[in-house]
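2 protein chains.
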Amino acid sequence: MSQSQPLIIDCHGHYTTAPKALENWRNQQIAGIKDPAAMPKVSDLKISDDELRESIEANQLRLMKERGSDITLFSPRASFMAHHIGDFNVSSTWAAICNELCYRVSQLFPDNFVPVAMLPQSPGVDPATCIPEMEKCIKEYGNVGINLNPDPSGGHWTSPPLTDRHWYPIYEKMVEYDVPAMIHVSTSCNACFHTTGAHYINADTTAIMQLIQGDLFKDFPTLRFIIPHGGGAAPYHWGRYRGLAQEMKKPLLSEHLLKNIFFDTCVYHQPGIDLLTKVIPVDNILFASEMIGAVRGIDPETGSYYDDTKRYVQATGNLSDAQRYQVYEGNVRRVFPRLDARLKSQGR
Amino acid sequence: MSQSQPLIIDCHGHYTTAPKALENWRNQQIAGIKDPAAMPKVSDLKISDDELRESIEANQLRLMKERGSDITLFSPRASFMAHHIGDFNVSSTWAAICNELCYRVSQLFPDNFVPVAMLPQSPGVDPATCIPEMEKCIKEYGNVGINLNPDPSGGHWTSPPLTDRHWYPIYEKMVEYDVPAMIHVSTSCNACFHTTGAHYINADTTAIMQLIQGDLFKDFPTLRFIIPHGGGAAPYHWGRYRGLAQEMKKPLLSEHLLKNIFFDTCVYHQPGIDLLTKVIPVDNILFASEMIGAVRGIDPETGSYYDDTKRYVQATGNLSDAQRYQVYEGNVRRVFPRLDARLKSQGR
Numbered sequence: 001m002s003q004s005q006p007l008i009i010d011c012h013g014h015y016t017t018a019p020k021a022l023e024n025w026r027n028q029q030i031a032g033i034k035d036p037a038a039m040p041k042v043s044d045l046k047i048s049d050d051e052l053r054e055s056i057e058a059n060q061l062r063l064m065k066e067r068g069s070d071i072t073l074f075s076p077r078a079s080f081m082a083h084h085i086g087d088f089n090v091s092s093t094w095a096a097i098c099n100e101l102c103y104r105v106s107q108l109f110p111d112n113f114v115p116v117a118m119l120p121q122s123p124g125v126d127p128a129t130c131i132p133e134m135e136k137c138i139k140e141y142g143n144v145g146i147n148l149n150p151d152p153s154g155g156h157w158t159s160p161p162l163t164d165r166h167w168y169p170i171y172e173k174m175v176e177y178d179v180p181a182m183i184h185v186s187t188s189c190n191a192c193f194h195t196t197g198a199h200y201i202n203a204d205t206t207a208i209m210q211l212i213q214g215d216l217f218k219d220f221p222t223l224r225f226i227i228p229h230g231g232g233a234a235p236y237h238w239g240r241y242r243g244l245a246q247e248m249k250k251p252l253l254s255e256h257l258l259k260n261i262f263f264d265t266c267v268y269h270q271p272g273i274d275l276l277t278k279v280i281p282v283d284n285i286l287f288a289s290e291m292i293g294a295v296r297g298i299d300p301e302t303g304s305y306y307d308d309t310k311r312y313v314q315a316t317g318n319l320s321d322a323q324r325y326q327v328y329e330g331n332v333r334r335v336f337p338r339l340d341a342r343l344k345s346q347g348r
Numbered sequence: 001m002s003q004s005q006p007l008i009i010d011c012h013g014h015y016t017t018a019p020k021a022l023e024n025w026r027n028q029q030i031a032g033i034k035d036p037a038a039m040p041k042v043s044d045l046k047i048s049d050d051e052l053r054e055s056i057e058a059n060q061l062r063l064m065k066e067r068g069s070d071i072t073l074f075s076p077r078a079s080f081m082a083h084h085i086g087d088f089n090v091s092s093t094w095a096a097i098c099n100e101l102c103y104r105v106s107q108l109f110p111d112n113f114v115p116v117a118m119l120p121q122s123p124g125v126d127p128a129t130c131i132p133e134m135e136k137c138i139k140e141y142g143n144v145g146i147n148l149n150p151d152p153s154g155g156h157w158t159s160p161p162l163t164d165r166h167w168y169p170i171y172e173k174m175v176e177y178d179v180p181a182m183i184h185v186s187t188s189c190n191a192c193f194h195t196t197g198a199h200y201i202n203a204d205t206t207a208i209m210q211l212i213q214g215d216l217f218k219d220f221p222t223l224r225f226i227i228p229h230g231g232g233a234a235p236y237h238w239g240r241y242r243g244l245a246q247e248m249k250k251p252l253l254s255e256h257l258l259k260n261i262f263f264d265t266c267v268y269h270q271p272g273i274d275l276l277t278k279v280i281p282v283d284n285i286l287f288a289s290e291m292i293g294a295v296r297g298i299d300p301e302t303g304s305y306y307d308d309t310k311r312y313v314q315a316t317g318n319l320s321d322a323q324r325y326q327v328y329e330g331n332v333r334r335v336f337p338r339l340d341a342r343l344k345s346q347g348r
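Quick note, the sequences are listed as chains X and E, same order.
Residue 325 in the UniProt record's numbering sits at position 325 of the first sequence, and the numbers go up by one each step.
Residue 45 in the UniProt record's numbering sits at position 45 of the second sequence, and the numbers go up by one each step.
Some clues are possibly wrong.
All copies of an identical chain are treated as equivalent in the list; a pair is satisfied when it fits inside any one copy or across any two copies.
[Said to hold, decoys possible] Here are the simulated SDA-like cross-link-like pairs (lysine to any residue), alpha carbons at most 25 Å apart as the crow flies: (1) Lys278 x Thr302; (2) Lys20 x Pro6; (3) Lys278 x Ser304; (4) Lys249 x Gly303; (5) Lys278 x Thr316; (6) Lys278 x Thr163; (7) Lys250 x Thr129.
These are computed hints drawn from the structure, not numbers from a lab.
Just chain X, with the same shape it has in the complex:
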């Protein structure tokens, strides 16, 4: 925990490598929406601890060791949340299964994985319906945060903005349990939006602009959001956003947003991380790679994995060692107090 050897905490990892049985079960569930006779039971899904171990050791854990990261905040595969599929019951069963798997991974690898919950959102359904799953994950499974999808329709954006009272039941529970939310969409079913190349990044940008337009943090001064993928377009256009807030007579973004929103470092090249760390105050930056995720290849320009974001954080001239400690560990502990408590209970 010293500043020279920070814990490297990746606040954004998904279980993208779950055993194939999970996907097969989901496909059966989707078939069961139209043909109830085909609907599988939860108990039909059988994944052993050995299978879970193998899927992690050969993938995320191997890369964490290679890259030198210690802990991943681990949530169900984002693109598979697919909240647009089926109704609340379909989402509810699916979320429970996915969250249980991440919980089991965290039990099998207590030093390396800490669970973050997906919610059983469904388009047009009151978000309050998500609270039982959310509470179970926090209280029984030790989840330290949640992923909140601002567009459960999957690219049609039919829900109200994040500043709308529609979402307040979730926010009230987040405040009660002192857990942050990563604002993270799922698969796009709109042909205009490529899931990881357009929908994800657009959602990040959209969320930030919604938060600029509104005054959500007046109602919830302790609410905390992580905007993934380096905040979408926002840091690159920070002057635009500062200027738009100014036209709207909002306070400076340092006041209006930065007490409550945080950016991860899922930006897959050095100039992007250099900009992020130049423009956004270091207190608002959390280390993350989204490994193993959207971009799995090796960058021919560097010979390293695109998503090995630790290399960029190490190499940027914008951070001192003390600031790197903040990005890797200090800020993450502050934004996720339940993670901090868990680490302290482990003597870390």
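Place chain E on chain X using the hints.
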């Protein structure tokens, strides 16, 4: 035309300061959609040359002189295109009026303004219907480019991606007349998307990802698009886009995109322009400010207008004087050959 004194050509300006009579006429037209008796005639709109002159001299031309830019490629106000309103006839009448006004401005200020056309797009209507207006603007009004809205629905994204054959009639005419298109959406009527803070930037990101997914430029090797607002999120996430193209087995982006797409400099702070000019080859960067546009204030951090982008282009350490000439003039002449011809005919 020497490199030491380039013409400063702003490739992205809209007529945001048109006389109030224009907006009044449009409001009447919108009322006329529901109440045909209220529908105004085109001839009801009367704007004198003096009114046009005044609206330009007090605004764009004043700021161009203050900031030291020479020429603006000038198109109708983007947020007022509002292609989602009414049917093709409504859009067609409106586009004709707006394009005529920009043409008149270009006639009144032939040294400073060169027109770029909006199209009479309408959701669900074949883009081929836009061709008569497009041809009139190019052949009779001397327009050197067009603005193409990839989402005429205004934030619901109901049209197919830009790589779809749906759009090919427009592309065929663009190639025939050798005019580029700026990919520019209009007002968002989706409450999730703030028009200039989310919808514009998302559309830029979306367009680039569509072009990565497809192979449009195999069919149209000479087609040229300008992606405004610095390319949305793309340059900030250039590693992500290079990596996604790689996963899709596409050629390097230098091959796959950069012979055909160009980024403007509408990025309203120094770190953004520094990133753009570091990541994107200089041949693909065109000077622009979108003045007078979305962000009209003065940045308290610099004491200058946010949208005075020439300051950032001047100040960046990433460009030599020869490269600045490219950004200000050389590239714009190359991407807009009809502008180049017009300037040459003026001895410039």
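Now for the hints, and whether the structure bears them out:
1. Both within a single protomer and between protomers do lysine 278 and threonine 302 lie at most 25 Å apart by alpha-carbon distance, with minima of 22 Å and 16 Å respectively.
2. For a Cα distance limit of 25 Å, the shortest separation of lysine 20 from proline 6 qualifies neither inside one copy, at 35 Å, nor across copies, at 60 Å.
3. Proximity of lysine 278 to serine 304 under the C-alpha cut-off of 25 Å is found in both arrangements, the shortest distances being 23 Å within a copy and 20 Å between copies.
4. Taking the shortest alpha-carbon separations for lysine 249 and glycine 303, only the inter-copy value of 18 Å comes in at or below 25 Å, while the best intra-copy value is 47 Å.
5. Taking the shortest alpha-carbon separations for lysine 278 and threonine 316, both the intra-copy value of 9 Å and the inter-copy value of 15 Å come in at or below 25 Å.
6. In the homo-oligomer, the alpha carbons of lysine 278 and threonine 163 never lie at most 25 Å apart, since the shortest distance is 28 Å inside one protomer and 36 Å across protomers.
7. With identical chains, the CA atoms of lysine 250 and threonine 129 are never at most 25 Å apart, being 33 Å at best within one copy and 43 Å at best between copies.
Checked against the numbered hints above, the structure violates hints 2, 6, 7; every other hint is satisfied.
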